[in-house]
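Enquirer: Sequences listed follow chains G and X, in order. Numbering-wise, numbering that gives the first Met the number 0 puts 352 at position 353 of the first sequence, and it's gapless, one number per residue. Numbering-wise, numbering that gives the first Met the number 0 puts 55 at position 56 of the second sequence, and it's gapless, one number per residue.
Treat each hint with caution, since some may be false.
[Stated by the list, open to error] The list that follows gives simulated cross-link-like pairs (lysine to any residue, SDA-like), each with its CA atoms no further than 20 Å apart: (1) X/Lys321 with G/Pro234; (2) X/Lys321 with G/His213; (3) G/Lys226 with X/Glu335; (4) X/Lys315 with G/Lys223; (5) G/Lys223 with X/Gly340; (6) G/Lys226 with X/Ala331; (7) G/Lys223 with X/Glu351; (8) G/Lys223 with X/Lys310; (9) X/Lys429 with X/Pro403; (10) G/Lys226 with X/Leu400; (11) X/Lys310 with X/Arg322; (12) G/Lys226 with X/Ser339; (13) G/Lys226 with G/Gln237; (14) X/Lys321 with G/Gln100; (15) G/Lys226 with X/Lys310; (16) G/Lys223 with X/Ser339; (17) G/Lys226 with X/Pro403.
For the record, the hints were derived by calculation from the structure and aren't laboratory data. Because the structure is a prediction, the values reported are computed rather than measured.
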Amino acid sequence: MKKNIWVNLGFQAGALLVAMLVTTGILAAAGAPPFQAYWSMLKGAFGSWDSIVTILISWSPLLLTTAGVLITFSAGLWNIGVEGQMGVGAIFTTGMMLLLQDTSLPPALIIILGILAGIIGGALWAALAGALKVFGGVNEIFGGLGLNFVATALTIYLVFGPWARPGVASMSGTKPFERELWLPTLPGTSLSLWALGLSILAIAAVYLLLRGTHFGLRLKAVGKNPKAAFLLGVPTWQYSMFAFLLCGALAGLAGAIQVVGLRHNLLPNISNGYGFLGLLVAMLVNYQALWAAPVAFFFVALNTGSVQLQINYKMDSSFAGVLQSLLVLLVLLGEGARQRFLGTARKAEPSESEIRNKQVK
Amino acid sequence: MDVELRDIYKTFGAVRANVGITLRVPAGTIQGILGENGAGKSTLMKILSGFMRADSGGIILDGRPVSIHSPADAIRCGVGMLHQDPLDFPPMRVIDNFILGRKGGLLPGQAEAARDFKRLAEQFGFSLNPDSYVDALTVGERQQLEILRLLWLGARALIFDEPTTGISAAQKEKLFAALRLLAEQGKTILFVSHKLEDVEGLCHRVAVLRQGYLVGEAQPPYTTKNLVEMMFGKSISAGERNPCAGGGSTLILDNLSVEDYRLKVRDVSLDVCRGEVIGLAGMEGSGQGLFLRAVSGMVRTVGGRILAGGKDLTGKSYHAFKRNGVAFLPAARLEEGLVSGLNLTEHFVLSEPPDGFFINWEQGGALARERIAGFNVKGTPASTVESLSGGNQQRALLALLRDPLALLLLEHPTRGLDIESTIYIWSKLKERCKQGTSIIFMSSDLDEILQYSDRVLVFFSGRVTPPLDASMLKTDKLGQLIGGKGWDEFTTGKSA
Ligand SMILES: Nc1ncnc2c1ncn2[C@@H]1O[C@H](COP(=O)(O)OP(=O)(O)OP(=O)(O)O)[C@@H](O)[C@H]1O
Ligand SMILES: [Mg+2]
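The shape of chain G in the complex, shown without the other chains (with noise of 0.2 Å):
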């Protein structure tokens, strides 16, 4: 057992080792010093006060959407519809924010009242690619393919129509909420301690359901074997359209948070390509929990420092996107070589009472 641990973190670090390789090369290619673009990276990401309260900014809804991706990945459902369940509840927010904030109701209420209707919000357009999928046979890829498009539709067609800046509708968005109705942030940042707490909570909240909960195991089964997870009493679809639902709820709260505690209003692209960067990291990390903070935060901070690749360099800042693609692509691709050359299979994770039979020994 041992050893296989650290036969796995030679391949991944084999991998990390590659991927490493082949950015110096892009970089190398695109004109940029590839030692020198590293190190204005690392300066861009920790270099400063402010460019750490912006990882930690970001951090927060990519926690949200890769902690409800890793539910239904759990499921053994590819539920790549978080951008739009994500945008579903930014919508949801904004929409009972605009319906309470002329009433009296004390603001915090308000904020709350905001944040709970994007969370249903984002878990009914999960639960609506969970039906597609549960009884109209559509692969939740394609349901959750179009809703994705049906969301971004929707979006701008409120911003440009309904909910129009009065004058002025642009891509900038809906007009801003009243300060009030922000969410409190550190004094001269954007930071809401809330927005974090909520998504580092969540996080360990998934953590411990797909750990050590009936719920979590149930789910697993049917994600490996639905049909003897069937067998052995657990009633199937339900779990799978249970797993949607908790999803697209933790994904609307991301969408809910930028508009409460970020944005402030409702613009086109809200979602920002947190669902689908959830979805990259739930893959580097194998489906494991535990790793996925980390890994988040180390993705959130190749996007911001990647900006001073912007500045210094003028080279694009998708930059970050690449390297997270092609360090998930090559951990794949090492693990598929791993396979390859051992024979065994890396397990999803290890499993519980066999830490627990370590433990008791």
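The hints should help you fit chain X with the ligands onto chain G, whose structure is shown.
Expert: Below, chain X with the ligands without anything else, positioned relative to chain G:
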């Protein structure tokens, strides 16, 4: 081709699957490999055919040491293997499957391949239609296709891992004739089995594995007792029939009708008493599988009523049946029965009703240890189910059943198991019968049906006999009914 395995070692964690095995098989020999479940037979064969790598040891073909790292390497060296569990066949045509795996350009010579296919098939008397689809073939026909394919790829040594499980008697005869012909042509045959009668009737020599060791070799004339002792390290005998416990019915079927797109089973009435065992006999696909799944609630019935455990469950879901003490064990253990990737503890936790939100792993582990010991499963609480051998998977499935049960429905409960496991499984099942559980099982093994059932239903293309008393039933009579003969005496009334 002369095949030689030299000092092969293979371990899986703490399990020593092959321990220093050395075996020489000269060309033209049918070599039997005998051993109980988990003895390491499949492992040894997978090493020879490149599906696994040995920890140490060598393979020597025709006097030359070779290194085999993949099935492709193996076939290049002339070694081909037919697997124990027929690997997934994609829904493609027979002829396309035949060509699959052939080296060469993008467009293999279709016409040439078709000609070769026909020639080879004729040579062995296989009647396979090259244009039909693979998923429509029976297990036996897939085997035939696989043999032809491997031969065409140039196999000179062929490995058969438990080839006689799941094929009909006629197909078995054909297979054996083909094997004998292959041996005459100088091919080397490795025939893995734990069925003594197959090995005795076919093999030129036999090697016996036990717990990873090669414990002995034998040549004809074989004595069954001797082989059994080598396999298990002791002699064993079957348990005996125990009559109906009496005391009420666990299942009442009232004019039950079921159908699927091919088959209709009409108006079956049956009253099963506590502790009784009902055997369902018939050729694969004669309606017994459909019937069994209907009684478990997995297939909707189209007429009649089902009363189980004292309740009318007609039209209820499988889970409702399950709640009322009806359990179903599928034949496809890894496909339908167990969840690959989860370990035994996780299975035991899954099979019990949840006792709160969080899992008590301590308790789960204790339950797993207790049941593993109670059912003699060779494995630990942390073993994933796919790492268990076939016999141990079946024990695990039985161990997963809840108490108490009114009715237990089994598809091929001992398919692929050796005598000892079979006897063990049945002793466990009979224990349940003593506690009042009734059993309905289907099997293609007539001896199993006659030995363990109290009453028998015979199926033939959807028709069902009335329950026949097993102690009055003779093997040849049963065989005739299964083949569709001698049904006239039942035509007067409704069936059953
Ligand atoms: N991939 C694997 N991982 C872990 N253990 C394994 C694996 N494959 C086999 N084993 C273990 O090795 C031992 C030998 O298994 P093997 O499949 O060779 O037995 P067998 O003789 O073919 O039995 P059967 O008649 O049940 O098919 C068993 O204890 C089994 O649990
Ligand atoms: Mg085997």
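Enquirer: Go through the numbered hints given earlier and state which of them the structure violates, listing their numbers in rising order.
Expert: 4, 8, 14, 15 and 17
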